[in-house]
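Trainee: If you're matching them up, the sequences are chains A and B in order. Following this note's numbering, the numbering of the first sequence begins with 213 at its first residue and continues without gaps. Following this note's numbering, the numbering of the second sequence begins with 316 at its first residue and continues without gaps.
Source of the hints: derived by calculation from the structure; they are not laboratory data. Hints are not guaranteed to be accurate.
To be verified - Pairwise CB distance ranges, derived in the manner of DEER restraints:
1) A:Glu280 <-> B:Gln357: 36 to 46 Å
2) A:Arg292 <-> B:Pro428: 28 to 38 Å
3) B:Glu330 <-> A:Pro282: 46 to 56 Å
4) B:Gly368 <-> A:Gly228: 32 to 42 Å
To be verified - From the derived model, a few chain B residues whose C-beta atoms are all more than 12 Å from chain A:
5) Val326
6) Ala332
7) Thr387
8) Asn414
9) Thr425
Built from N, CA and C at the ideal position, the CB exists for glycine as well.
Listed below are the residues making up each chain.
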Amino acid sequence: EPEVTQTPSHQVTQMGQEVILRCVPISNHLYFYWYRQILGQKVEFLVSFYNNEISEKSEIFDDQFSVERPDGSNFTLKIRSTKLEDSAMYFCASSTLAWSEQFFGPGTRLTVL
Amino acid sequence: AQSVTQLDSQVPVFEEAPVELRCNYSSSVSVYLFWYVQYPNQGLQLLLKYLSGSTLVKGINGFEAEFNKSQTSFHLRKPSVHISDTAEYFCAVSEGTGNQFYFGTGTSLTVIP
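The shape of chain B in the complex, shown without the other chains (with noise of 0.2 Å):
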């Protein structure tokens, strides 16, 4: 079965500060990645995907992710934050012979003003 990590359980950063958050899985054939974000007391929104193609993916919110194969990971960036990031984040990791999702156990941002 496939083991996400999330290194980060939080992660505190002033506001306008650029964000890392990090994301490792174990080595499969073919993976899809997607990170999602979970605000207060709301389900998780879909923020960006990788599928194939272009290593580098940009989603909602001006997130972006880095999928790399060598390294198994899928970092998710944002150069500068502001207070409406704070949330709890989760990676993601589809295998391509199944259909569940394997989660993270998340990283809570938290900005500070």
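Extracted from the complex, chain A is given alone in its bound form (with noise of 0.2 Å):
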């Protein structure tokens, strides 16, 4: 069965580094997210993307965060200098229409020191 895959499972990092967090979204779907959960909260929205370029995001994602599709397969989420409150878990999920079911990857933890 087709899965959403993301690199590194754990990523540390020091503040005011950059990161980039990896996904693989399933192979058919045209429509890539990426959410964010913070430890004991909910998970929240950041950005969603179709057809190369940004759909919609939230007041979460800004000048800070980008995200990518550099080839055919790949989705990427970077951070430009993470501050300590970006630590969490970063989820990426993919859906074959706009509003239907969107299928998430394991995750990524990221904890910035």
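Put the complex together from the two separate chains, hints included.
Mentor: Dropping the structure here:
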């Protein structure tokens, strides 16, 4: 069964450093998403991506964040200068349609020291 | 923006007993509703979804949920729980006009032997 994969599973970084979180969505999906879950809190939407551009983003997704689909399979989230409060689990998801079920990856746990 | 409320943060229940996990959302003209389960150290797995049609939807692992438009609720039920159902359960809502999912804060279900 096809699934969304994410690498790395755990990333530790120093405050102010850049990180890139990687995702491989399900191959025939057209919509891609990033969510984050701060420990003990709910899953929060960051951004959605369709047709090589951002279709929707939340207020969390400020200028420090960017997304890219560098090739036909990968979907990346870059945080330019990490802050302590960026520590969270980051989930990638993909879907066939804009409103249909989203398939989630296992997540990347980002720890900013 | 949509608001999703899961009133019970923790639900302990004995094995083979029935369980109901509650979810309410803020009113909207049309919504699509989902329940996801998160097992420890894993990603989000879709349990079931309501897109249209019958208000009673059945999902995996014996779970079902009922969409109640007048009460803006989508409660999750299982008639007899197993130890393996111990997990975090998230209710999610998608509006027809957008593609981001709004998540509730989650309900931690603990099945007691």
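Trainee: Test the statement that B:Val326 is away from the interface with chain A: the closest C-beta pair must be farther apart than 12 Å.
Mentor: holds (16 Å)
Trainee: Would you say the C-beta atoms of A:Glu280 and B:Gln357 sit inside 36 to 46 Å of each other?
Mentor: violated (26 Å)
Trainee: If I claimed the Cβ atoms of A:Arg292 and B:Pro428 lie 28 to 38 Å apart, would that claim hold in this structure?
Mentor: violated (48 Å)
Trainee: Cβ-Cβ distance between B:Glu330 and A:Pro282: within 46 to 56 Å?
Mentor: holds (48 Å)
Trainee: Is the Cβ of B:Asn414 farther than 12 Å from every Cβ of chain A?
Mentor: Violated, because the least Cβ-Cβ distance between B:Asn414 and chain A comes to about 4 Å, which does not exceed 12 Å.
Trainee: Closest CB-CB distance from B:Ala332 to chain A, is it above 12 Å?
Mentor: At roughly 27 Å from the nearest Cβ of chain A, B:Ala332 sits farther out than 12 Å, so the non-interface label holds.
Trainee: Return holds or violated for the Cβ distance of B:Gly368 and A:Gly228 against the range 32 to 42 Å.
Mentor: Taking Cβ atoms as reference, B:Gly368 and A:Gly228 lie about 51 Å apart, which means the hint is violated.
Trainee: Please verify that the nearest CB of chain A lies beyond 12 Å from B:Thr387's CB.
Mentor: holds (18 Å)
Trainee: Going by Cβ atoms, does B:Thr425 stay more than 12 Å from chain A at every point?
Mentor: The assertion about B:Thr425 holds, with a minimum of 16 Å to chain A.
The structure fails to meet hints 1, 2, 4, 8 from the earlier list, while all remaining hints are met.
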